[in-house]
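*Asks:* Turn these sequences into a full structure, and let the hints guide you.
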Amino acid sequence: MRMRATGARIEVPGPSSTLAHQVKAVQPRSLLLTLIALAVAAASLAAWSFFRDPDPGEARAARLALEGGRLDEASAHLGRWLADQPKSAEAHAVKARLAWARGDYAAALEAMNGARALGHPDDGLVEIRGLLLAKANRPAEAEPLLSKAAASAPRIHPDVADALARIYLGEFRAGRAAEVIGRWMREWPDDARPYYFQTEIDHRNRAGGDVVIGHCRDALARDPGHLPARLRLADYLRLAHRSREAADEYAAYLRQKPDDALALLGAGLNALDLGDPAAATGFLDRALAVAPDDAVALGARASVEVLRHRPEAAMPFLDRAAKADPFDVNIRYQRVLILSQLGRSREAEAERRDLERLRTEVAVFDEIGRQLERHPLDVELRGRAARWLMAHGHEAEAAEWANLVLRSAPSDPAMNRLLADYHRRRGNPGLANFHEAHASPPEASPGRPPGP
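Residue numbers (the UniProt record's numbering): 1 to 452.
Just so you know, these hints were derived from the structure itself, not from any lab. For clarity, every value in this text was computed on a predicted model and none was experimentally measured. All C-beta atoms in this analysis are idealised placements derived from N, C-alpha and C, irrespective of residue type, glycine included. Treat each hint with caution, since some may be false.
Said to hold, decoys possible - Derived CB-CB ranges, DEER-like:
1. L64 x G427: 42 to 50 Å
2. L307 x E67: 54 to 62 Å
3. D421 x A207: 32 to 40 Å
4. L64 x K257: 21 to 29 Å
5. V364 x G103: 35 to 43 Å
6. G369 x L307: 43 to 51 Å
7. E395 x R138: 16 to 24 Å
8. G79 x E395: 44 to 52 Å
9. R155 x V362: 44 to 52 Å
10. V379 x R426: 22 to 30 Å
11. D72 x G427: 55 to 63 Å
12. P86 x H375: 46 to 54 Å
*Replies:* As structure tokens, this is what we get:
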């Protein structure tokens, strides 16, 4: 709270009734000491006045309830705190954290800005600022704030750990992500989330399926309702040919999210592994009702028809799959087999030539991926990945890689042109114009290799 004149008279002890008389009576050295003492006292009073709670009980209760996850209780205490002291910067900072905990990010931003306007020190808002920047997909700005918050905290806040892990994984900085996740596990042993994040590290490190399955089970032991961990567990059980166990996990997941296309696809593939084409058809048709252009689901649906010895019925699904994703090697291979089986040898040969060309191109991307594992921050490699993905129909992923480049090199002309074209195709002229303004003409950078 800022100091305000109240008009109350201050009685100064001593023989004189005026402060001026008291100051005149002291010697120069005493005067200096007196002024220092007065300055310290004034600073202490200002700090006490700024952070003072009108009712320490309400303020403390609000913080404790928020830390304990009792959000309604925290809101009630905070309401009384703000009613008594509406211009308390600290109360508005707590209000921002409460809004964040409730997932109301607009309200959190408004409350944080209110706290800053009322004079709250920025150092006390590092954590919430970093979280809001991360939520706004501004990781380059968020990461240093979140790292500072983590370094200064005796125990890392789970939301800070979550945001940092996502940033590091998104930038292929698996080592830094592993450090954050390891600390999260140690300091919050009952939290399921770090164990789920660990499965992503496992996957990137090519750990065995049993390792991933173990970490999924660790997450579910702490939170049986952690659906992403359950779906990943089901997928890895299926890949390990533990199909009966996988079926149970898919069923448990689909009871909670019956229209999840990925889970329906996994359940359909698992039913194929179990030799149950009728069940596979049911799951896959439900998946295609939700995501009619999913190339993998269409390819799996074609496999059902092949199992039923109906290659002519499989072909329409493969045609749709190839149209949805012309660069899927598995789909193109299936088309070669079915076209040959149907006696359409000329088409099969043309498809085979396309498949060989595509395999060569995919090998290029695989090599980019291997290099990125060794050099995850290499801007040129990230740019090559973005260009390859854009050229091969994976536009959303290409845009993510291009944005990664721009975090390190905001004026990169090739990535700005790529994003300008991408956003223009998607009907976002504002973003298209923004990136166009940052892109130099194509002839201005003849040295940049075209890349794959």
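*Asks:* Now look at each hint and say whether the structure bears it out.
*Replies:* Going down the list of hints, with the structure as the test:
1. Between L64 and G427 the beta carbon distance is about 48 Å. The supplied range of 42 to 50 Å therefore holds.
2. For the pair L307 and E67, the supplied restraint of 54 to 62 Å holds, since their beta-carbon distance comes to about 56 Å.
3. Between D421 and A207, the C-beta spacing of about 38 Å keeps the proposed range 32 to 40 Å intact.
4. With their beta carbons about 35 Å apart, L64 and K257 fall outside the hinted range of 21 to 29 Å.
5. Taking 35 to 43 Å as the suggested C-beta distance range, the pair V364 and G103 conforms, at roughly 42 Å.
6. About 33 Å separates the C-beta atoms of G369 and L307, a value inconsistent with the hinted range of 43 to 51 Å.
7. Separated by about 22 Å at the C-beta atoms, E395 and R138 satisfy the suggested range of 16 to 24 Å.
8. Taken as a hint, the range 44 to 52 Å holds for the pair G79 and E395, whose Cβ atoms sit roughly 47 Å apart.
9. At about 45 Å, the beta-carbon gap between R155 and V362 stays in the expected band of 44 to 52 Å.
10. Distance hint check: the CB atoms of V379 and R426 are about 24 Å apart, consistent with the given range 22 to 30 Å.
11. Distance hint check: the CB atoms of D72 and G427 are about 41 Å apart, inconsistent with the given range 55 to 63 Å.
12. Between P86 and H375 the beta carbons are some 53 Å apart, a value that agrees with the proposed interval 46 to 54 Å.
Hint violations for this structure: numbers 4, 6, 11, all remaining hints satisfied.
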